[in-house]
Every structure is written in structure tokens, then in C-alpha cells.
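We have chain A; now place chain B onto it with these hints.
The listed protein sequences correspond, in order, to chains A and B.
Mapping of the first sequence onto numbering that gives the first Met the number 0: position 108 corresponds to residue 107, and the numbering continues sequentially without gaps.
Mapping of the second sequence onto numbering that gives the first Met the number 0: position 9 corresponds to residue 8, and the numbering continues sequentially without gaps.
Among the clues, some could well be false.
As the list claims (entries may be wrong) - Ranges of calculated distance between the beta carbons of each label pair, as one might list FRET restraints:
no., chain 1, residue 1, chain 2, residue 2, range
1, A, Asn-86, B, Thr-23, 46 to 56 Å
2, A, Asn-54, B, Asp-72, 17 to 27 Å
3, B, Thr-23, A, Asn-54, 38 to 48 Å
4, A, Gly-131, B, Arg-129, 31 to 41 Å
5, A, Ala-64, B, Gly-43, 20 to 30 Å
6, B, Glu-116, A, Asp-130, 29 to 39 Å
If you're looking for bench data, these hints aren't it; they were derived computationally from the structure.
Positions of the beta carbon are idealized from the N, C-alpha and C atoms, including for glycine.
Read off the chains here:
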Amino acid sequence: MAMKQDSEIIFDSQSTSHQRDAAQKEHCVGDVMTREVVSLSPHHTFEDAVNLISNRHFRHFVVMANGQIVGIVSDRDVLRGLARTDNWQKKQVSEFMTPEPITVRPESSLSVAIAKMLDKKINCLPVVANDGTVCGILTSTDLLKAYQKDLESLDLKQR
Amino acid sequence: MEERIEVTAARKCSASGSPELLATSVADIMTTRLTTLSPHHTFGEAVQLMANSPFRHFLVINADRTLAGVFSDRDVLRALGRTPNWQAKAVSGVMTRYVVTVNPKTPLSIAAMLMLERRINCLPVVDDDRKVCGILTSTDLLSVYQKMQASLEAAQNGTASLPSSCDRLPAETKEHGYETR
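So here's chain A without its partners, still in its complex pose (with noise of 0.2 Å):
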């Protein structure tokens, strides 16, 4: 599903995750995160960006220009956009976005994720590999997914 213009809005869409069933694990980023990254440039519009937000059931896209993460958008900005600019449609992606996100690495414990994600009162992390490259994105929905699991399997044992 590419957009007209010369930069294209890619769907990296890998093996959905593979999640240890075991109850009461300790788990790691790459575990629990979400695969698909739906990622924006950072010449895209405002209105590309609204219509990506309601058009899908995600609310955080990624930014890349030549490889690298340069930005994140969330519904947040969105909205700050929204309420903020009179022609918004018109705007660029790289002036609303939040520049240089903070990021985990797929093999950080989620302990220490969850601890930064609380801490800074967000709700996605980028993955990003050694390399630099993007390999998913860590939201509290992935996080709340692991813990009902987990907290399923315990209700099971307990029976």
C-alpha cells in the first residue's frame, strides 16, 4: 500500500512474535514487541499522517530518513498539531514529530523497558538492533498482552 509522492509509507511486515508460553518467565523486548513498523518519512504531510492514524488500529508510527530512526509520531502529537496549527494539512511530518526518540534494544529485559517507559510517561519504545536498524516497536499494549498471559497461566496453575 504505497502513497503517492516519491516517498513511500512502508509496511515491514515479519513472522508475528514468537511468545514463550510459559508462565512467570522473565521475558526480553524482542519477545513481547510488535513486528509490523508502519514507518513515515520525514517529507511526509500532516494529512498522510492523520489518515494513517485513522485508517489503522495503531497509534505510533516511525520515522526514517536513509535507514535510521530520526523521529516518532504518536496520536499525541497529533492532536498537539491539530489543536496548534490553522493549515495543518499542509505541514511537514519532520515538524510535529518528536525527534530523537528514546529506544530499547530487542535483547533488554522488559524490567528495564517498562521502567523507562514509566519513567517518562510514554507508551512505545522503538526497537532498534545493534545496527541500527528498526526491528518493531515496544507499546504498553504489547506489555499488557504479556502480562494477562502470564497472569492467565498463573489462574490455571492455581486451580
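For chain B alone, kept in the frame of chain A given last:
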């Protein structure tokens, strides 16, 4: 319209001192200290309250302490788009009325499931008499999960202490809302 914005420190419904690592039901981790609104507060007052507080969800409570609804940042955005003269509206005209609630005895697995299924981040907690006794947010759940994961990792590494990154876990998440004078 002289209703006060209430800050209540209700008693914990659970047996106190139960370690969070063993949390299994809503009562173990819910926030009992609440900032609540009455249905008669104006929209303007509610938005002020939200702007001055780090929280996004406020319970709207009737005089008999039963739940009237939930007022969230989403409600504000929706109303701003639609209503001219929004400042004068009452909270009751803007809030979400049909709210999914849990009981203090609800297992955490069910509560987490409800949040995921309904795509919500907040569940009011009401007791058997339908009176409000707390609120459970996705942040409450994540903070417990963080501690659980940290202790599992510590056990794995053979160290007794938690990683240093956990020292600064926001204890203030247990305090929902802010003090009004």
C-alpha cells in the same frame, strides 16, 4: 453549583501489606486515593482539573457514592469538536456513562483482558453495594508487571537486589489525582 472537587482517601479494601509481587486481584493494586467530580461540575471546571493534573481519567460520582460515569481526555476532545459554548456544559452531558467496571475481588487477568478487549486504560472499581472504592489503570498493571519481571530477572542472575533502573519507579502512581485546597 457549589460542589467541591473531592479527594478521598478510602481505606484499602484488601488485607494491607500483601506484597505486590503476589498480586492476583484488583484490590491488591488498585488506586484508592481518588480525585472525583460530581455530575454538576461544569465542563470548564473539569478541563481545568485535567490540565492541572497528570491524570487522564476522573470518576464522576453521585451523592450516594455510586458511579455516574467517567470523564476522560477523549471525552474532552470529542466535545471540543462538537459543542460551541462548551465551558458552560455540565460534566454529566459530556462524560462516558456506560462504563465497564470491576469489583475489588475481580482477578487481575480478567481486568487486563477487559482493558485489552475494550481498548480502554481505566476501570473504575465498585464494591458489592455499587459504591466506588477505587480505580485501576493500565499504568497500575504495568508497574506491577515491571516489579514481577525485575524479580524474575534477579532470580535468574542469582542476585538478590533489583536492577538499579527500578529504584525510581513512580510511587506516585498510587495517588490518583491531586490535592485540592
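Here is how each hint holds up against the structure:
no. : hint                               : in the structure
1   : A:Asn-86 to B:Thr-23: 46 to 56 Å   : holds, 53 Å
2   : A:Asn-54 to B:Asp-72: 17 to 27 Å   : holds, 22 Å
3   : B:Thr-23 to A:Asn-54: 38 to 48 Å   : holds, 39 Å
4   : A:Gly-131 to B:Arg-129: 31 to 41 Å : violated, 54 Å
5   : A:Ala-64 to B:Gly-43: 20 to 30 Å   : violated, 43 Å
6   : B:Glu-116 to A:Asp-130: 29 to 39 Å : holds, 37 Å
The structure shown violates the earlier hints numbered 4 and 5.
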